[in-house]
Structure formats: C-alpha cells, structure tokens
Amino acid sequence: MKTFQAYKTFFAIVILMSITVFSNAQKSGVFKSFTDYSKGKMEYGIDCTTEKHKIRLNDFLGKDYITVIHDGKSYNLKKSETWGFLLCNEKLVRFQDSEHFPIVDRGSLWIYSKQSVQVGSPKTGGSKTVTTNYFSKDGNSVIKELTLLNLKAAFPDNHMLHDAIDRQFKTDASLGEYDKFHKHYSINHFLESQGTK
Numbered sequence: 000m001k002t003f004q005a006y007k008t009f010f011a012i013v014i015l016m017s018i019t020v021f022s023n024a025q026k027s028g029v030f031k032s033f034t035d036y037s038k039g040k041m042e043y044g045i046d047c048t049t050e051k052h053k054i055r056l057n058d059f060l061g062k063d064y065i066t067v068i069h070d071g072k073s074y075n076l077k078k079s080e081t082w083g084f085l086l087c088n089e090k091l092v093r094f095q096d097s098e099h100f101p102i103v104d105r106g107s108l109w110i111y112s113k114q115s116v117q118v119g120s121p122k123t124g125g126s127k128t129v130t131t132n133y134f135s136k137d138g139n140s141v142i143k144e145l146t147l148l149n150l151k152a153a154f155p156d157n158h159m160l161h162d163a164i165d166r167q168f169k170t171d172a173s174l175g176e177y178d179k180f181h182k183h184y185s186i187n188h189f190l191e192s193q194g195t196k
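Numbering of the sequence shown is given in numbering that gives the first Met the number 0, commencing with residue 0 and proceeding in unit increments.
None of these hints come from the bench; they were simulated from the model. Given the structure is predicted, the values throughout are model-derived calculations rather than measurements. Do not take every clue at face value.
[What the hints assert, rightly or not] List time: in silico DSS-like cross-link candidates among lysine-lysine, alpha-carbon distance up to 30 Å: (1) Lys136 to Lys122; (2) Lys53 to Lys78; (3) Lys127 to Lys143.
[To be verified] Quick list of simulated restraints, FRET-style, between CB atoms: (4) Thr66 to Ser32: 17 to 23 Å; (5) Leu60 to Asp156: 25 to 31 Å; (6) Ser173 to Thr123: 22 to 28 Å; (7) Ser120 to Thr170: 22 to 28 Å; (8) Ser32 to Lys62: 33 to 39 Å; (9) Leu148 to Lys127: 22 to 28 Å; (10) Thr66 to Asn157: 41 to 47 Å; (11) Gly124 to Lys26: 42 to 48 Å; (12) His161 to Asn57: 15 to 21 Å.
Built from N, CA and C at the ideal position, the CB exists for glycine as well.
Whole structure, please, built from the sequences with the hints as guidance.
Structural data, given as structure tokens:
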C-alpha cells in the first residue's frame, strides 16, 4: 500500500512538473490585435524550444511592413494592421501606425523605450544614442511620449494626482528612471502606491 502511494505521489509530481514546463514554454509570433494578444492568439507562432523563425522590422529600409519568415516562407505584414509581436527573448513590441515601440514595463502604465542616433552639428561632429520613453494607459491606448504634461493629461480630472506627480518627479527624465528594488519604472511604482490603475 505504501509503495502504491509513493508511486501515486511520484506520478503526480511528474505531471505537475510537465504542466509547469509546458506553461512556461517560450513562444514567439505576431498579434494582429490587442484582443488577440490578451487571448494569447498568435499568428506565425512557434515554440522557441523546438522551432525558429525571423521577424524583421525593415526600419532601415523605410518599409511600412514587417517581414516574418516562418516555415521557410516569407510574409509581409502591414505595421498599421498589426498590434505587435513577441520574440523568443520575451521582448514584446507594439506598433502604432508604422512605428514600433518595445515594451519595457507593464503596470499602471505600459512603458516603451526607444533608442535613436542623433548626429551632432557640423562643428561638433560625432553622434550619440538617445533613449526616449513613451507610455500608454494600457495595451490598447494611444502611445505618447512620457512627459509630465502628457502624463497628467492621461488623468485629466485627478488634480490630487497631478500635485503628487509634481512633488515626486521634477523633470521629464525622472519619469523614465527604473526602480531596481521594486523592479518597475519609478512612475509605475509611484502610481500603484497612489492606487492609480
């Protein structure tokens, strides 16, 4: 009887581990809409542990579509008709019109971060990489640059929150600081502490 119970426990653990491994399997693919993303409905999806494909932004070429190479075939998808895509490294990218926005934090706000190269003046020369942060109130809202003015406009009637934001954040740049302790962007941790959703 004890042996049967031990086998039963062993098999229960094996099944539980299999379910955990299956549910944690990393996926990659394209989401046509926010609803598809919310439901996990992926097009050109793969299991990253056993399959490979490529998703190209085509930004350097100035194209208004992404190219997905899936099962040896190439598919061009209009950026303006695609919500976003998930890569095997768990990077989630969202589109607004024909521009892509990598998502770096999700909480009270969805925060996006993009890098661009700014070329110096003819006198100073050189170039530098500049990071610009953006936000939306959720995964389906309009994406705007993360500034104090835009943030307060996202909560137009909450004047107490506006005052609290002004006390906590002195510059636009301070909104884009990452809080390593709370593993959130500072603005998301602050908004959650204020009960803002």
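Can you give the numbers of the hints that this structure goes against, from lowest to highest? 1, 5, 8 and 12
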